[in-house]
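Listed in order, the protein sequences are those of chains A and B. In terms of our numbering, the first sequence has 58 at position 58, counting the first letter as 1, and numbering is strictly consecutive. In terms of our numbering, the second sequence has 112 at position 112, counting the first letter as 1, and numbering is strictly consecutive.
Any given hint might turn out to be false.
Listed below are several chain B residues computed to face chain A (Cβ distance under 10 Å; list not exhaustive) [to be verified]:
{"#": "1", "residue": "L19"}
{"#": "2", "residue": "V103"}
{"#": "3", "residue": "F104"}
{"#": "4", "residue": "G105"}
Everything labelled a hint here was simulated from the structure, so no lab data went into it. Think of the CB as a built atom: it goes at the ideal place given N, C-alpha and C, for glycine as much as any other residue.
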Amino acid sequence: NAGVTQTPKFRILKIGQSMTLQCAQDMNHNYMYWYRQDPGMGLKLIYYSVGAGITDKGEVPNGYNVSRSTTEDFPLRLELAAPSQTSVYFCASRPNSNQPQHFGDGTRLSIL
Amino acid sequence: KQEVTQIPAALSVPEGENLVLNCSFTDSAIYNLQWFRQDPGKGLTSLLLIQSSQREQTSGRLNASLDKSSGRSTLYIAASQPGDSATYLCAVRPSLQGAQKLVFGQGTRLTINP
Chain A
1 NAGVTQTPKF RILKIGQSMT LQCAQDMNHN YMYWYRQDPG MGLKLIYYSV GAGITDKGEV
61 PNGYNVSRST TEDFPLRLEL AAPSQTSVYF CASRPNSNQP QHFGDGTRLS IL
Chain B
1 KQEVTQIPAA LSVPEGENLV LNCSFTDSAI YNLQWFRQDP GKGLTSLLLI QSSQREQTSG
61 RLNASLDKSS GRSTLYIAAS QPGDSATYLC AVRPSLQGAQ KLVFGQGTRL TINP
């Protein structure tokens, strides 16, 4: 059981480039989330999804986009990378409201 | 706006000691509170989840308590071991209708010295 899988683990981008962070879960969870974690800070929610075809903004959505075409996958897209988007990105999922979230190992992204 | 605070930011104790990590939140209208462990370079691992109607949860050497009225939670670790060294984060889920986000504290970095 792989749980929540994030790819890539590390990436360096130039300003203005675009990329997609991949997230996949094999637990058939309805809810999926994207967070960013900056040094010395807690996690902040970027986007979330309550099921396939349904997404919504979190606290810090600017500069990002998501899609949820299947239950398993929840990719996060950066269209025009900016230095402020240098961070560690975590994807998480959970089955329903009363259950804890399961996290991936993160993607460490640097924008230079 | 819900805010979560964890004090201290870092804690170092000798192996074998019992210890308490603190978490406070500003709005008592929460759905649940969750404690996580984060190892360096890794994601978060859920340790305990306390529903708003519960007072505490236990798992092995860990015990988490919740006092909604005072906006506080504690994580008690008994007989600490070097393997317990990690950053511990607490997070609350606001009980606002449709609220999906977790509001995280900044974490307490715990070091257990052999």
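Hints, verified against the model:
Annotation: B/L19 was flagged as interfacial toward chain A, and the flag is violated, the nearest CB pair being 21 Å apart, outside 10 Å. A hinted interface residue such as B/V103 counts as satisfied when its beta carbon comes closer than 10 Å to some beta carbon of chain A; here the least separation is about 8 Å, so the hint holds. Annotation: B/F104 was flagged as interfacial toward chain A, and the flag holds, the nearest CB pair being 3 Å apart, inside 10 Å. A cut of 10 Å between beta carbons decides the hint on B/G105: the least distance to chain A is about 5 Å, and the hint holds.
The earlier numbered hint that this structure contradicts is number 1, and it is the only one.
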